[in-house]
Amino acid sequence: MFERLRRIARCIVGSTECLLITILIIGIIVSAVFGLVHMYQVLGPIIGALISIIAVLGNDIAKHYSSTSTLRLSLGIGGKDDPGLDVEVFNPTRRVSAMIINDGNAIVRDAKASLTIKVRKNNGQETYHLGEILLRRDQFNDCKEKYKHIKYIEDLLNSPNCGNYLVNEINPHVIGEALPWALPERIIPRPMAYFPRRIGKEKIKELFSCKGLKEIIDKVLPDKLPMPWLYTDYQHITSISPGQRNRLLIFDYVKLSESEYLVMPYSEYGGGGPSDPSLRPYRACLRLTKDTELVLEVTVHGEGARKPLKFNLCITVDKLNKLEDAVKKT
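Residue numbers (the numbering used here): 42 to 371.
By construction, these hints were calculated from the structure, which means they are not laboratory data.
Derived DEER-like restraints, expressed as beta-carbon distance ranges:
id, residue 1, residue 2, range
1, Lys351, Ile229, 24 to 30 Å
2, Asn164, Ile228, 41 to 47 Å
3, Pro283, Leu207, 30 to 36 Å
4, Ile228, Tyr169, 29 to 35 Å
5, Ile229, Pro133, 27 to 33 Å
6, Glu167, Arg113, 24 to 30 Å
7, Ile229, Asp366, 36 to 42 Å
Once the Cα atoms are required to be at most 16 Å apart in a straight line, the calculated EDC-like pairs of lysine to aspartate or glutamate come out as:
id, residue 1, residue 2
8, Lys369, Glu129
9, Lys360, Glu299
10, Lys296, Asp196
11, Lys162, Asp332
12, Lys159, Glu173
13, Lys369, Glu299
14, Lys159, Glu338
15, Lys351, Glu218
16, Lys296, Glu129
17, Lys363, Glu299
18, Lys162, Asp359
For every residue, glycine included, the Cβ atom is placed at its ideal position computed from N, Cα and C.
Using the sequences and the hints given, assemble the complete structure.
In structure tokens form, the structure reads like this:
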């Protein structure tokens, strides 16, 4: 009798535990359903706003990529090892430039380039101060005398482009200064009055055929007369069309010896052509020797460029010697 009552009690207890567990599970499910419904009512507008923001951002990104272009260095004489560099041979200078190409489908307008120069010593020390390597104007005569065996070196140092370089001699540095383009599209004229060049008397006499007038010129005029330059201009802004390459002028150099070069970075005034009467002063005249290295940091940017193009040029005597050898072989 007692055993039967014990079994009945166990069944009732077991049924009660199952019932409690079942009720608990049902309660959790119902609570979750009602909670999700309530959360949806709260999070629905937030989720909708996020979807709208993502759609707007996606549209803006698509417009940005379709209306901008990427600038890169086109392969130059250095190939993959030194891309983008090109050398033009003049006498006595060599012109080093970078070929900038537009890889996109949009025009890069008002493209500008800036130059920063660092000097690196053999001990690893770096400085932006150019005082130790700057060829000062009062040192021109010593340089001309030392390297008088080099053809045209005197004419080069006597030229107004060298004599009027723009860097300050007391605190010389080049940080974020403008570089010119070989094909500028927004030339900004600058009026000036300057008398740097001189024209010889014989040249003037060649312009006149009258014998009597030539005799008067010979008696009256001095051997050389100043020839005025009345204007110059800036050449540091251009536009680069899709697929177009534009030449960015960086520096000229002259070989003084196997262990020394004269490096002349360009300024915003550009590089003059053979018959250009304008003043085109260099940024500086720097003496590069075996124990120094010039680090030229160049940045190119413009309206329509996806991001600025940045590259560095490390200039050493050994590298310029190799460049000279390559030039002679061509």
